[in-house]
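If you read the sequences in order, they're chains C and V. Quick note: the first sequence uses our numbering, first residue 47, plus one each step. Quick note: the second sequence uses our numbering, first residue 8, plus one each step.
Hints listed in this document are in silico derivations from the structure and should not be mistaken for laboratory results. Some hints here could point you the wrong way.
Said to hold, decoys possible - List of simulated lysine to any residue pairs, SDA-like, C-alpha gap at most 20 Å: (1) C:LYS128 <-> C:VAL112; (2) C:LYS234 <-> C:LEU130; (3) C:LYS234 <-> C:ARG96; (4) V:LYS61 <-> C:PRO283; (5) V:LYS27 <-> C:SER117; (6) V:LYS61 <-> C:GLY65; (7) V:LYS27 <-> C:LYS234.
Just so it is clear, the structure is predicted and the values come from calculations on it, not from any experiment.
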Amino acid sequence: MNPFVSRINKESWVAPVSGMCLVLGFMICMAWVTQSTRTSRQNYLPLDQRQRVNDLNVDQEAYQRVTAEVSKLQLDKTRLEKALSSHDGQSKVLNDSLQELKVFAGMTPVVGPGVVVTLRDSPKYSGTGMGSNIGVSPDATIHDVDALKVVNELIASGAEAVAVNNHRIAGNSSLRCVGTTILVNDVKIASPVVIRAIGDPNTIMGAMNMPGGVLAEIRQTDPNMVQIEAVKSQELPEFVGNTTRKYAKPPKDSK
Amino acid sequence: MILLPIIALILGAAIALAIKLPAIPGVYGQYLAVACLAGFDTICGGIRAGLEDKFRTEVFITGFVSNVLIAFFIAWLGDQIYINLFLAIALVLGARIFTNLSLIRRYGLTKWQDARARKRLQAQAQNQAVIASQPEPNP
Chain C
47 MNPFVSRINK
57 ESWVAPVSGM
67 CLVLGFMICM
77 AWVTQSTRTS
87 RQNYLPLDQR
97 QRVNDLNVDQ
107 EAYQRVTAEV
117 SKLQLDKTRL
127 EKALSSHDGQ
137 SKVLNDSLQE
147 LKVFAGMTPV
157 VGPGVVVTLR
167 DSPKYSGTGM
177 GSNIGVSPDA
187 TIHDVDALKV
197 VNELIASGAE
207 AVAVNNHRIA
217 GNSSLRCVGT
227 TILVNDVKIA
237 SPVVIRAIGD
247 PNTIMGAMNM
257 PGGVLAEIRQ
267 TDPNMVQIEA
277 VKSQELPEFV
287 GNTTRKYAKP
297 PKDSK
Chain V
8 MILLPIIALI
18 LGAAIALAIK
28 LPAIPGVYGQ
38 YLAVACLAGF
48 DTICGGIRAG
58 LEDKFRTEVF
68 ITGFVSNVLI
78 AFFIAWLGDQ
88 IYINLFLAIA
98 LVLGARIFTN
108 LSLIRRYGLT
118 KWQDARARKR
128 LQAQAQNQAV
138 IASQPEPNP
């Protein structure tokens, strides 16, 4: 006879399984990714999964709402500053200099002539289905470095204001790559990268199309990746990123 | 009876939340997550064994503890020797969880279908008995 039969009792599995389920529930709760552990856990994910997780966690609608709020508040602020200065001459001078600084710092929308540079991934290699970027030359896609170089070149050739996909480049802006996308001011942007600059269109066009320049380098891979055109008038939005500072303060003895 | 383990699972999570233990950050959180996968696999295996009438408590409990520890250890080892053993664990345990869950589903389904068939047959037998017991009409 089977020696195990006497030990096997029908339905006796429910209690031990339930007990271990209690332990498992406890463990899952400890291993769950929470707000406080997200950053430290994310570092151990492969790039593609990190991107999926990021996409899940970013609430695009909330972001849009908050940026709209920031621009509205900044407009309100400018209006109040103007109202305050309309009373007497001295505060008007003060406000003029304030507005001047705000334009320089990218805190107000600006209008003017300029150029639009569009960078897109090479169409030659796209649309080959799943895993289409496998085996393709890395030059065929637009990287953060390309966008960074173009922005740098635009500013060097006299652009007074620059915006990448409608994110204004200001004092503490950054361009960085995360996985397969580019972050501008810590906001993810989608291809194609549209860089708009305000300045003298002729000067900037000349500088950008210089042989051996930044754009020429990209055009070597595929001329279709770059498109540059002058525009008579365009409006760039204000910088809506974080402007709080924790560490930088003016020195005490300065007036 | 399948409800009791599920309730226990939720209860365990509730206890962890109630005593306000902080979630584990960093790489040990990753190891624990893999260990959870092993635990889940063992639970599924236990339920399957129970349905197959092969369940033995001591095998199940030692299996749970050792699987959790082994998963933790393999994940740790992979990081010591620069091999992505997380993937190996996820693959093996994932496949086993799928197998176990599909078997559990089949047992459950068969049981339910059998019960229905039995009920139908019983009803039929009863009907026939009633018909048979009725007195024959006189000619």
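Next on the checklist: Could you work out which of the previously given hints the structure breaks and list their numbers from low to high?
Outcome noted: 1, 2, 4, 5 and 7
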